[in-house]
Structure formats: structure tokens, C-alpha cells
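**Q** Hints given; two lone chains; assemble the complex.
If you read the protein sequences in the order shown, they are chains C and X. The letter at position 42 of the first sequence is residue 42 when you use the numbering used here, and the numbering goes up by one with no holes. The letter at position 7 of the second sequence is residue 7 when you use the numbering used here, and the numbering goes up by one with no holes.
No lab work stands behind these hints, which were simulated from the structure alone. Ideal Cβ placement from N, Cα and C applies to all residues, glycine included. A couple of the hints might just be wrong.
Claimed, not checked - If you want a taste of the chain C side facing chain X, the calculated C-beta under 10 Å gives, among others:
no., residue
1, 83
2, 99
3, 108
4, 109
5, 240
6, 278
7, 282
8, 283
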Amino acid sequence: MTNFINTLGIILFATLAYSTPLLYGALGSCFSEVSGVVNIGIEGMMTAGAFTGTVIAYFTGNPWIGFLCGGLAGAFFGMLHAIATVNLGADQTIAGTAINMLGPGIVIMLAKVMFNSTDTIPLSATQKMPKLFSGLFDTATTFGRFMDNVFATYASTYLVFIAVLIVWFVFYKTRFGLRLRACGEHPQACETLGINVIAMRFACVCISGFLAGLGGACVTMTLSTQFKPISIVGQGFIAIAAVIFGKFRPQGALLGCLLFGFCSGLKVVLGGSSGVNMHLISMIPYVVTVIVLVLFVGKSRVPAANGKPYIKAK
Amino acid sequence: MTKNKSFLDIISENRFIHILLSILLGFLVGAVFLVIMNLSVSAAYGRLINSVTSLKGFSYVIVYSVPYIVAGLSVAFSFKTGVFNIGAEGQFVVGSMAAVCTGILAGNLPKPVLIPLCFLAAMAAGALWGIIVGVLKTKWGINEVLSMIMFNWIAFYLSNFIAGIPAIKNDGSAEATKNISDNASLLFSKDFIKSAGLAPTANWGFIIAIIATLLVWFIIEKTTLGFELKAVGSNKFAAEYAGINVNRSILTALAISGALAGLAGALQVMGMGKRISIFTSQEGFGFAGIVVALIGCSNPFGVLVAGLFYGALMYGGSKLNLEGVPTQLINVIVGTVVFFIAISVIFENLKRFKSRSNRNAEAAAIKKAEEKEGNKK
Numbered sequence: 001m002t003n004f005i006n007t008l009g010i011i012l013f014a015t016l017a018y019s020t021p022l023l024y025g026a027l028g029s030c031f032s033e034v035s036g037v038v039n040i041g042i043e044g045m046m047t048a049g050a051f052t053g054t055v056i057a058y059f060t061g062n063p064w065i066g067f068l069c070g071g072l073a074g075a076f077f078g079m080l081h082a083i084a085t086v087n088l089g090a091d092q093t094i095a096g097t098a099i100n101m102l103g104p105g106i107v108i109m110l111a112k113v114m115f116n117s118t119d120t121i122p123l124s125a126t127q128k129m130p131k132l133f134s135g136l137f138d139t140a141t142t143f144g145r146f147m148d149n150v151f152a153t154y155a156s157t158y159l160v161f162i163a164v165l166i167v168w169f170v171f172y173k174t175r176f177g178l179r180l181r182a183c184g185e186h187p188q189a190c191e192t193l194g195i196n197v198i199a200m201r202f203a204c205v206c207i208s209g210f211l212a213g214l215g216g217a218c219v220t221m222t223l224s225t226q227f228k229p230i231s232i233v234g235q236g237f238i239a240i241a242a243v244i245f246g247k248f249r250p251q252g253a254l255l256g257c258l259l260f261g262f263c264s265g266l267k268v269v270l271g272g273s274s275g276v277n278m279h280l281i282s283m284i285p286y287v288v289t290v291i292v293l294v295l296f297v298g299k300s301r302v303p304a305a306n307g308k309p310y311i312k313a314k
Numbered sequence: 001m002t003k004n005k006s007f008l009d010i011i012s013e014n015r016f017i018h019i020l021l022s023i024l025l026g027f028l029v030g031a032v033f034l035v036i037m038n039l040s041v042s043a044a045y046g047r048l049i050n051s052v053t054s055l056k057g058f059s060y061v062i063v064y065s066v067p068y069i070v071a072g073l074s075v076a077f078s079f080k081t082g083v084f085n086i087g088a089e090g091q092f093v094v095g096s097m098a099a100v101c102t103g104i105l106a107g108n109l110p111k112p113v114l115i116p117l118c119f120l121a122a123m124a125a126g127a128l129w130g131i132i133v134g135v136l137k138t139k140w141g142i143n144e145v146l147s148m149i150m151f152n153w154i155a156f157y158l159s160n161f162i163a164g165i166p167a168i169k170n171d172g173s174a175e176a177t178k179n180i181s182d183n184a185s186l187l188f189s190k191d192f193i194k195s196a197g198l199a200p201t202a203n204w205g206f207i208i209a210i211i212a213t214l215l216v217w218f219i220i221e222k223t224t225l226g227f228e229l230k231a232v233g234s235n236k237f238a239a240e241y242a243g244i245n246v247n248r249s250i251l252t253a254l255a256i257s258g259a260l261a262g263l264a265g266a267l268q269v270m271g272m273g274k275r276i277s278i279f280t281s282q283e284g285f286g287f288a289g290i291v292v293a294l295i296g297c298s299n300p301f302g303v304l305v306a307g308l309f310y311g312a313l314m315y316g317g318s319k320l321n322l323e324g325v326p327t328q329l330i331n332v333i334v335g336t337v338v339f340f341i342a343i344s345v346i347f348e349n350l351k352r353f354k355s356r357s358n359r360n361a362e363a364a365a366i367k368k369a370e371e372k373e374g375n376k377k
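Extracted from the complex, chain X is given alone in its bound form (with noise of 0.2 Å):
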């Protein structure tokens, strides 16, 4: 019996449909808590809406997103090659850094010296946070997860160390490192962002992301080098019998992760912050790539748009204060989204229902022309 195929059958089927239903899930569970809340659904996701739809709103909710954008795709390249960069949080903090103290010592290059530089800088340093991680994995046989969170802390107190050396440090009583050079900033210039009513922050940071999207697609998709990575994520024992060398391959795929992260915190500062506060926290840039990653399902250009959807939940969630309501159910919504994400098999069994109601009734047909066969007789 061949038919067309039902609407049951392409949800159950449909990757991109499961995560559409997770986001709505998402959303409708944060509707539940703003009910408990006793506080108002409509207000609440019409403020968020309202604030991401206007030119100045979406145009910060594009700065908000750029790096988020490249952190999930530090974590999402991880993910293809078969390692769990939780690391990314270390890799951007250092990579942030390490681009502050390029634009802060090296300021009077020009432009188009400092900002190549400036990126260099911080992905090289990002790429030696995870190269670290790598050698204590392949060489001593240490756990990378631990290893990653305890770099995560590495790197952590290591920037609010150096936020406070004189030389980098802000000359005034904040509590942060000195704002970079003109010469390093990303924004667009002041007439065209007034002219064009954008956001003051607005910057060229996107079309980095938009760049750095399409070369990690095009390292996995199209070079044997993603091939490679690859395979030892998917199968370490076949790639080592088809005479890939892995443990270079995991040193190489924790690099490139590493320096996307550490990108990713270089434009966050070279584009918005400017400079960076001592920590009380981890700012959680790099947890946010894994969410950001997952949502995106590891594709490159699956996590551009969950990206940008990331963006404006932030950007959106930080004007709900407005509405009485808690910016923290902005948390509960993404993290309601993972979960569902996390056990979309149910979405898949919406087939295996309908086929089992079929059943049945296939069932109940034959039964009933039995009966009547019996009758007949």
C-alpha cells in the first residue's frame, strides 16, 4: 500500500521540523511559567518580539550574535570530529585577552595592520588553549573533559590577572583593562550609524561570522583535511585501520576549535565590549556555543541561524525587566529548547503512533470482514 506521505510522516522524519517544535515546546513552557508567574504571556512575547523587530532592534540583535555565532561553530567543528569542547569558555576568554593586549599595546598601527593582527593574536591563543588539551590527551592520557574545565578556570583567573598588570590596566577606578585602539575597533563609523539609525555598536563582526561560517563548512565538506577529522569521530579504531594518524588529527581538530573560539572572543571585544572587566563569573560565551551548536545541529549554517536566534533571545530577554519579567525565563525557554532537542526521539515516534492507530484499524477492517465472511457462511 503506497501513499503519499502523511503530515505525521514528515514531522517524524524532519530534523529541521524537530527543532522547529523544540523552539515552540520552548516557548510554550516558558508561557506556563509567566501563568504561574501570574504575569502576563502577551506582554511578555510581545515585548520580546517588538524589541528584535525594529532596524535598531535586529541590528543589535546581529552584534549580540556574532559571537555566539562563532563559538557554536568552535564547538559544533568540535562535535564533527568527535570531541566535546567544553573548553570553548577558556579558548574565548584567552582569545579575548590576547586581542585586548594587541589593541591596547600595539595601538598606533594602522588599521588594516592591528585588526589582522588583533585576530591573529587571539587565535593563536585560543588554538594553544585547546592544543593543551590535546597533547595532555594524547600524550598522558588525560580525560579531556577535565582537562577543559580545569583550562576553563586556567584561563579565567589568568585574564583577571593580566586585566590587572599596570600596562594593560584601566588608568581610572574601573575594575577592567584599558579600552583598545581606535585602531582595533570593528564598529562602523559614527555618521553611518547615526544616518542609517542603527545600533551604536553596530560593527563588521558579522561579516566575520558570515566568512568564518562558510570556511569551516568548506573544511569539512570539502577538504580531505575535514574528511580526516571526520572519520576519527566517527569511527577512532576504522580511521587509525585506514591509516589516518589520530592523534594528530585530535591535536589539529582542538586547534582549529580553539582558534574559532578564541576568534570568537576577539570579536566580541573588538566589536561591543571594547575592553575587559575582572571576572566575577564566567561570562559563559563559550556554554552558550554549545547550546548554540546544538540547536544548530553542527551544521555551519545551522548554527548561523541558531545563532542569530540565540542573539535575540539575549537581546530581546534584556528588555523583558520592562515588563516586570524575570530575564532569566529567556534561560528557561533555550534551556526547555535543548532539552526537547536532547530527546527529539519522541518527535520520531509520532510516526510509530500513527502506524500503531493503523494498525489497529487495519486490524479492526479485517476483523470486521471475517465477521462478515463468518456471517455469510
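With the rest of the complex left out, here is chain C (with noise of 0.2 Å):
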């Protein structure tokens, strides 16, 4: 029991540590998507938060600017998709993919350049992204350890939480949110409303590369603590997976991201101590994911007017 119960600790303290980037790109692909605008450069951005969230990190000492400085090294990328797609009317795949191949390419270069190496110098543990609660229980019981490993964790892991409870109080609580739906629905009914479609969806894609951003940074400033190449291999793309999934609303993009990194914790503590061949337990997230879509999900509704640019009418 006792063992069952550490084990169950250590499973839920890798979900939340693995859903956590997950669910920042999420809710940035979220963003972008409901407004209107397919982003799948979310992978792009990710790797240009991831880098220079931890170089930030590490030049100032301080977690927290680093943190800051991902999400807007996001921002930056997801401004060239929205003035590329937004304002100029792009083919927004392929915006996307000049995206995801700008971003690690500019990236992993300034790292070859800053540090004659494509990895950065690992954070210390000042530098990584602080753990909330720690030491508040007593690690000495079976409970206290349990809790411990799951509500001892990152910051970042509680912040996302409020962040989806803030997205969708803004998605369907807020004439923002509103307007913004409206935008991926039907733009034109938008213009003749006033609301600027061309203003609202610019925002909401630089929003969504400033929490994809975030996302990247809290890989390398959580899970890890230095700067790969292969920090982002794929986590742009289950966030995107994550979102149709969770048919384009924030709390069902949450299940989906729980789901994909409650699979990774359980790969974690498998792998480790089973018998079990890795490379089948690595496959297990996506079988189950294609499963449950069979069974339970279903048919994804696109929002209407999502990936068709928006020309304003002269």
C-alpha cells in the first residue's frame, strides 16, 4: 500500500510536470485557432521560448525574467505569423512551417554562437523556476510524502492552472471573448459590427506566441535545465493535437494535455523498473488518444471561419 500510494505520488507529480508546457501551447494554439487562424508554427515558437527563457535565465539569475523573456521571445515569432497571415493574407500553413523551421534555426544558431555548443550551460538551482510548498509537509509519513509530490511543485504548473480557469472566463465570460469567437466564425458579420477583425485576430496570435512562448521556457526551466535541440521534438504539435482534441475550448484542451502528460509520468515510472520494451509504452499516449477520439470525442468542430485569411471588403 505503502508503495502503491509513493508511486502514485511520483505519476501525478510527472503529469502535472509534463502537461505543464503542454497546456501554455495549448492555450496559445487555443487562442489563435478560435479567432480564426490556424497556427501550427506553435512548435517554432515553443524552441524560441525554451532558448531564451533559460539563457535569460541564466545571464540574470533571476527565473522569473527569464520566464517573462520566453514568452515574449514567443511573441516576437508570433507577430511574424500574424503580419504574415493577418495583414498580408498568408497561406497560414505555410507561414506556420516557415515558423517552426525560423525559430529553432535562429535559435540553435545564437546558441552555437553564445556558447560554442548547440546546448546551454545548465541552470543552477536558484536559476530554475522555483518549486511552491516545498518543505511544507512532512516527507517523513507516506501521506506527507504523497502530497508532497503533488502539491510540492513548480510555480509554473500553478500559474497555467489559473491561466486556463483565466482564458476561459475571458473566452466565454468576457465581449472580448465574445468578439473573439465571433472573429473565427464569421469575420465578415464581425466588420459590419465594427469590431476590427484585423486588429482582434493580430492580437490573439501574438498572444499565442507568448504562451507558447511560456511553454517552451517551462521545459527547459523545469523538466530540464539547459537548452537542447531536442528540448521541443514534438511538444508544439500535441499542444495543436491537444486543442482539436479538446474541439477548440480551453477546459477541453486541459483534459487533453492531462491525458498526454499523464501518459508521459506513467512512461516515466514504467520505464524505469518494468519489463516492458520503452518504445511500446512511449507509443501508448497516441494509440489512446486516437481511441478515445473513436469512442468518446468524436467530430472536431472547426471554427468556420478558421484558416481562411480575412480581406477586408473595400
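**A** Now the structure itself:
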């Protein structure tokens, strides 16, 4: 029993830690897609955030400044995507593909120049994202250890859950959110009602980049201590998958991210001990996603104007 | 007022010139980064050009470009038929794994049997990967982008799993499969390579890539099937109204696109790779295929040229280290090229700029004339 509770605690810890970066990315993806702009550049924006976050945290010694700058780096690439897709009416998939090449290309090149290696220098304990509530629980008891594993987790994890609430509130309880959703459904109608579709979408894509950048910074500042070219390998795409899985709603994306995070957590725990093949275990999240989609979720309703450039009528 | 097309008119209307301009701008942005990093632009670009223009260098470029061309054809075909095959990556991986398994397990078969068998196995595996996604979409309405991303990863781990099976795994300590049998190899004979001074991995793959290009062009442009697929791609509802079975078309398109990506995987391992290592991250041939298809305007012949260009950048880029330049410069250049292709509307607007300045000039002339008239009065 003690063993079971311990293992459960570790799995829950890993689930939360692994879903956090995905959730930032997924919230970002939500903003962009719901406003009507396909953003497959999340991956590139996360890579930019991962590098910038660690480097700034390393040089300033302050994880929070690093974290914020990671977001800003993501927002910069978000802005590039916005200029291309919103202002110039570019094909959103092509522009996103470009961002996915530019983001990693630029930051890995900078890493080479700054550190003479594609990896950055590992962060010290004080430069990493701090854990909240550590030392609050008595780890001598089984229950205390469980609580310590689950609740004494990174500040960025607490933040992202608050962010999910905020995004949900913004989307469904504010005027801004209503307009945002309307822009993704019927931009022409919005324009006739005096909503500036271009400005709304521009802002949403930038916010999307900012959140994705935070997610990237999370990976290198919590799960690892340094940026490597393989720090962000597919998390951005998984985040997008979680959003489609969650039917383009933040609360749905939360479920999707927790599912992926849980499977990654399971992998970490099982991988060390059991005799099951690592590669087969790693496959679980993706197979499970497909099965869940077929059995329970089914068709995902894409925002009607998603992917279509909006060109203002003259 | 009719007149000959001006320089700006030509620039703003010709898609080919937009792409050339994008490539130029890509290298320009690359140069800016080189200057920022305090590196020599001429040394870097000189190395890039020198390394791909010698006979040996160019034969390397051709070898490198084969999988990019065929993966590019796969994505271009999907674009033409209205699906975005972001799953080419996974189809490429299962294709290469199928070819490797066939090339190892059936290694005793004679060359003329084994090589087509390997191709068939790879294309079947790739097509299967495409069809699964297609069935999920047509039967349960599951978003294909989502399931393709999932199946990319399933392919990735499946390949790693198969690479560890004793019958397939390398006998030595290498974390990779055995080498494929020589009977499955597409390499030119060693003597020929030596006497002609080609790259040691020079192989027949490029001929197959050209055949694939012609075939794709033929299917898209000259067959009823191609017409139906294009019709579904441009307007699903109109196609359905015209009596085309849309679901079957989507499945066919994904199967063909998947088979092409699988073939690309086979060409990679039967040409230069020989075996598959246990991956730590996705190799990106399928994603490169997206870029190649975009640069080639989804036109099969465009893709052929774009694949060669991409292969040249990849091979030349691998030599940039010798000048102390990070190889990632290539990704920045290619990323910029794709970005400008995405916003090539700005080139079209050049004309508007001109016509605006023309209009201003005309307006000024009219005003002058009016003033003159006024003065006369």
C-alpha cells in the first residue's frame, strides 16, 4: 500500500510536470485557432521560448525574468506569423511551416555562437523555476510524501492552471471573448458590427505566441536545466493535437494535455522498473488518443472561418 | 493606353519570379545573420557554392535530394487533392522500416526481385499509414491533422521497437538495424563510382525519383482519377454534386500520397542509409517534404527542382562547419524562403505601388495641364 501511494504520487507529479508546457502551448493554440488563424508554428515558438527563457535566466539569475522573456520571444514569432497571415493574407499553413524552421534555426544558431555548443549551460537550482510549498509537508510519513509529490510542484504549474481559468473566463464571460470567437466564425459579420477583425486576430496570434513561448521556457526551466536542440521535439504539435482533441475549448484542451502528461508520467515510472519495452510504452499516449477520439470524442468542430485569410471588403 | 509589360509587371505576375525573389531574400537574411555573428559572408557562401559545384559535390547533392524530391511529391500530391499531408513524416518512417525489414529478411532473393519487393513493401506500408488516417476521417470524422500527428509518433516508436527485435537488430553494439542485403542496394558498382569520381553513395535513386515525378504529373494532369481528386480538393461539395464519391477520393489521395512518402523512405535506406538507427528525435524528411512541395509550388517538376535545391542546401550546409559557421544557418535561410513564399502577395503588390505612382504622375500631369488652361484663360 505504501509503495502504491508512493508510485501514485510520483506519477501525479510527473503528469503535472509534463502537462504544464503542453498546456501553455495548447492555450496559445486556442487563442489563435478560435480567432480564425491556424497556427502550426506553435512548435517553433516554443523552441524560441525555451532557448530565450534559459539564457535570460542564466544571465540574470532570475527565473521569472527568464520565463517572461521566453514568452516575449514566442510573442515575437507570433507577431511574424500575425503579420504574414493577418495583415498580408498569407496561407496560414505555409507561414506556420516557415516559423517552425525559423524559430529553431535562429535560436540554435545563437546557442552555437554564444556558448560554442548547441546546448546552453545548465541552470543552477536558484535559476530554475522555483517549486512552491516545498518543505510544507512532512515527508517522513507516506501521506506527507504523497502530498509533497503532488502539491510541492513548480510555480509554473500553478500558474498554468490559473491561466486555464482565466482563458475560460475571457473566452466565455467577457465581451472580448465573444468578439474573439465571432471573428473565428464569421469575420464579415463582425466587421459589419464595427469589430476590427484584423486587430483582434493580430492580438490573438501574438498572445498565442506569448503563451507558446512560456510553454517552451517551462520545458527547459522545469523538466530539464538547459536548452538542447532536442528540448522541444513535438510538444508544439502535441499541444495543437490537444486543442483539436478538446474541440477548440480551453477546458477540453486541459483534458487532452492531462492525458498526454499522464501517459508521459506513466512512461517515466514504468520505464525504469518493468520489463515492458520502452518504445511500446512511449507509443501509448498516441494510440490512446486515437482510441479516445474514436470512442468518445468524435468529430471536432473547427471554427467556421479557421484557416481562411480575412480580406477586408473595400 | 496600351504599352509593353514593364519590368514590375513581369515581377508582380510571375509566380516563378516570386520564388526566385524569395530565395534571394532568404540568402540576404542569412547574410544579415552572418554579419551579426561577425562571420564572413563571402567565406560562408563561397564554401556553400564550391561544395556543390564540383562533380563529386554535385553527385552528393543528387544523392541527398532523392528522398526530399519524393517526399516533396507526396506532400505536393496531397496539396493538389485538398489534404495537408503533415503525416508524410510517419509514412516515410514506416516505409523505410518496411524496406529495411524486407531487405534483411528476404536478403537472399536476387536483385531484380528483391528491389521491387522492397519498394512495394515500403509503398504498401506508407499507403496503409495514409489510409488509416483516411478511414478515421471519413468514417468517424476525426480531424486528419490531429491523427497524422499521432501516427507520426506511432510510426517513430514502432520503428524503434522493430529496430530492437533480434532478427532485425544489428549484431554488434550499434543501436541500429542490420545492414540491408547487397541485393537490395541501389548503389552504383564500386568500380564505376571510383572511375567516374562520384560520391561513394551515388545510386540509382535519382532515376526512380524522375520516374515518380513523371508518374505523379501524369496521374494529376492526364487521368480521370487525377481530375476527380483535384475536383474534390478544390470544392468538396461541388465534386459530390457532380457525382464523385468524395470519401473514396480522400482515401485514394491519402493512399497515393502515403505510398510516395513510403517510397521516399525506401530510397533513403536503399540508396545511402543502408540501415535505420534507433531515433532520438524525428528525422524530418516528411517535414522537409512539406517545404520542398511549397518551394516547388506543388507542381511535380517544380518539386524536382526544389528537391535538388533543398538537397544542395543540406549537403552544402553540412560543410559550413569548416568555415566556423553553424549549419543551422541553412534552416534560417530555408525558413526565410518559405516565409517570403507565404507572403508573396507583397511581390504582387509591387504592381499596385507602380500603378499608384503612375496614377500620381498622371494626376500631376492633368493638374499641370489644367493649370496651363487656367493660365490661358
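**Q** Have a go at the residue 108 of chain C hint: is there a Cβ in chain X nearer than 10 Å to its own Cβ?
**A** Nearest chain X Cβ about 5 Å off; hint holds.
**Q** If you take the shortest Cβ to Cβ gap from residue 240 of chain C to chain X, is it below 10 Å?
**A** holds (7 Å)
**Q** Once the shortest beta carbon distance from residue 283 of chain C to chain X is found, is it less than 10 Å?
**A** Result: holds, 4 Å to nearest chain X Cβ.
**Q** How about residue 99 of chain C: closest beta carbon in chain X under 10 Å, or not?
**A** holds (8 Å)
**Q** Hint residue 83 of chain C vs chain X: min CB-CB distance below 10 Å?
**A** holds (8 Å)
**Q** Quick check on the hint: residue 282 of chain C CB to chain X CB, less than 10 Å?
**A** It holds, given that the least Cβ distance between residue 282 of chain C and chain X is near 5 Å, below 10 Å.
**Q** May I ask you to test the interface hint for residue 109 of chain C with respect to chain X, counting a Cβ-Cβ separation under 10 Å as satisfied?
**A** holds (4 Å)
**Q** Given residue 278 of chain C as an interface hint, is the shortest Cβ-Cβ distance to chain X below 10 Å?
**A** Hint holds; residue 278 of chain C Cβ to chain X Cβ min 8 Å, cut 10 Å.
When held up to the earlier numbered hints, the structure conflicts with none and fits them all.
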